[in-house]
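*Asks:* Starting from the structure of chain A, add chains B and C where the hints point.
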Amino acid sequence: MTKDPYEDLKISTGAVTDPKTTLVNKTGSWRSERPVIDHEKCVMCGKCETFCPDMAVKETDEGKVEVDLEYCKGCAICAEECPVNAIVMEKEEK
Amino acid sequence: MEKMLTGYDAVAEAVKACNPDVIPAYPITPQTDIVEKISEMVADGELTSEYVRVDSEFNAASTALGASAAGARIFTATCSQGLKLMSEPLFSASGMRLPLVLGIANRSLSAPLSIWGDHTDTFAERDGGMIQFYAEDVQEAMDNIALAYRVAEDKEISLPALSCLDGFILTHVQEKVDAFTEKEIKEFLPERDPVHTLDPSDPTTMGAYARPEHWTETRYEVHKAVKRAKDKIGEAVEDFADIFDREYGLEHSGLVETYRSEDADVIIVALGSVCGTIRYVIDEYRDKGEKVGLVRPRVYRPFPKEELNKVLEDAEAIAVMEKDVSLGYQGGLAIDLKSSLYSNGTMIPVLNYIVGLAGRDVTKDNIRKVVEETKDVRGKDPRDVEEEERWEPLRDELLSGDKDD
Amino acid sequence: MTEDKFKRDEDLFCPGHRACPGCGAALASKLVTEATGPQTILSMPTGCMEVTTTPYPESAWGVSWIHNIFENAASVAGGVETAYRAFDKRDKKGYMDHDDVNFVVMAGDGATFDIGIRSLSGMMERGHDVLYICYDNEAYMNTGIQRSSSTPIGAATTTSPAGEESLGEDIHKKDMPSIAAAHGLEYVATASVAYPEDFKNKVEKALEIEGPKYIQVFAPCPRGWRHDSRNSVEIARLAVQTGMYPIYEMEDGEITNVKEVKDRKPVEDYLKAQGRFKHLFEKDEGEEVIKDLQKIADVNAEELGIDK
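Chains as they are written, first to last, in the working numbering: chain A, 1 to 94; chain B, 1001 to 1405; chain C, 2001 to 2308.
This is chain A alone, in the form it adopts within the complex (with noise of 0.2 Å):
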């Protein structure tokens, strides 16, 4: 994984950057309501993942959709094109 460019920072030549280093900003707290998927409903049709701005919805290893909490905002755009309704919005808890 992409270490983190804040370690020991020196402002490089032109401020030039290292690539998928905004891996170390974890999204994730910007979240009001966070995605709960049913996998008894899902039907693995891929429409979660390929919408999400954030990739934070992604088909696992494991064989089903996750969400990774670290990143996903909440935007609900999972939960909206979900086209058997598998994925429901709840609320964070403060």
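Just so you know, the hints here were simulated from the structure itself, not pulled from any lab data. Each statement offered as a hint is correct.
Examples of chain B residues lying across from chain A (beta carbon under 7 Å, computed):
| # | residue |
| --- | --- |
| 1 | M1096 |
| 2 | R1097 |
| 3 | V1195 |
| 4 | H1196 |
| 5 | P1203 |
| 6 | T1204 |
| 7 | T1205 |
| 8 | M1206 |
| 9 | A1208 |
| 10 | E1217 |
| 11 | T1218 |
| 12 | E1221 |
Capping the alpha-carbon separation at 30 Å, the derived lysine-lysine pairs in DSS-like fashion look like this:
| # | chain 1 | residue 1 | chain 2 | residue 2 |
| --- | --- | --- | --- | --- |
| 13 | C | K2007 | A | K41 |
| 14 | A | K26 | C | K2200 |
| 15 | B | K1003 | B | K1176 |
| 16 | B | K1186 | C | K2089 |
| 17 | B | K1224 | A | K3 |
| 18 | B | K1183 | C | K2093 |
| 19 | C | K2007 | A | K64 |
| 20 | A | K58 | A | K41 |
Beta carbons are placed, not taken as given, at the ideal position from N, Cα and C, and that holds for glycine.
*Replies:* Positioned in the frame of chain A, the structure of chains B and C alone reads:
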């Protein structure tokens, strides 16, 4: 090989020898002849660079910037309004630490429109993190291109460099020039070895934006690189002298040249081609036994503070004759020089003359008058000397007074 | 960050970017990288996608990426592409072959339709091998939702607000795909984030073509268009289903492959879903604007043959 060359020919020959990968080109008087000449070289197969006929100076600089980011050696040329149009990408090229070498055929800025030469165009770019060379003659205009590549592409510098020659006065005048070739320049100028490139097999992100907690440090790094260029110019000028047997202010890190200034009471400080006429007038005074000399900065940014202080410290009075003015205050070179001298405790009076704007001739008589006035303030405390800049000559009969139009 | 359950190694556009929840442009960015793959150099002007993805020292990008200023992404990309041509010609060591690299621009509508049109026109005219993708969210979102020449009539923005004397934007949207096609481009297309496979296919098809290409992808902005983030894809779909944003290809200047719509919906369905058109339903004069917008959809349908 010695040849008779115009300034634009000499710059084009220098570019050919340095052999850039990409040359975006756009016409503007009096620079146009440079890119025309280069286009002929490409058309005749003498130069294999990619020559890109762009739609504006803005996109000449932008195309050059993209090519430089990819790792290419680039060249483009402009002046005046064209440089203004390039200003935005150039300021950010320095921030991104991308080497770009530009030939600048110095010309005034509108309005009123004028195609003739002065230094107001490049002085307006002073704060952008670009190295600025000024040539006195055609030979130096050629040699500065090679020096500009060597310094701009140095990994520790990696900045844009403007190689300036006076529009028309140098671009369109023929002089005898010892022209270097590609083969000869190779010993002096290594292939570009970029710090970063846009390589898909090793991806990077170039041109990220910086938040307040990082921006100042980023810009400070640029500032340090511009200052570091002083030493690099010094090294480059030494190597150049070894290889080509031509030297430019060798004893002052290649930043400043002097002429009969060592024992001079009165020293004129000036940039570029006008120094040829100034040398002539100095010889006249020397023939009469009067101690007048010339100090010519070859580089305006980085500012050669220590070098100027050193060569000026024994003068009794200084005249800065410059082809630019910061409207509402004084000439840029005089402002910088006074700050440099006085902060050093060198309390010599400095008279500031605004001359040669938009191609107005600077005659021997103008220079004699400057010398005479400067002689009058020799040895005085600068605080006892009229500080206001002098526009020489100013046609008083054309001025409006306070009348309304 | 030891395990890679979510296969972050495969992402060429990474999470952690700071785009708003439900951002259409972020979705478009992901789809673009999925279609281009890693052999890509992406040039991006100033805009939402630039500032949300690259706060130093972070970057969301897994492809080579360059930003310079607002109005020159096309000429920067042209410069990069030209450099690779020079490297090929001169057999420079350490650089990939020109033909193995995708040179791509991704720019917002302000950077494309307005301030960057000179750079774009020059790049297209000179025939650089660059795919220019405009993510069209119909206003300057990064600076706070000001109108651009892509903003449709009737839309309220912060510089074309609705008011006593105003029904929102009063100038018609510029026809940018036709302007691109008029440069003699072999391939021009419109697309939508609501039809991701179609969009990705178009990107892949465009990259097969040598020379300049232009794709304009419709990318809703929940913040700017005043809709719930969950509806971003649905609104993009409605834009197509009403004929407001037809998706098609233009090959050698001829319209081809129009996405046909069965039972085209009235434009109200699209307009009502967004706060930027709300005033049109609250004011009597709004009806005329809605009629105008319906007419735009009808003309699109007729000229392009949208109706199935």
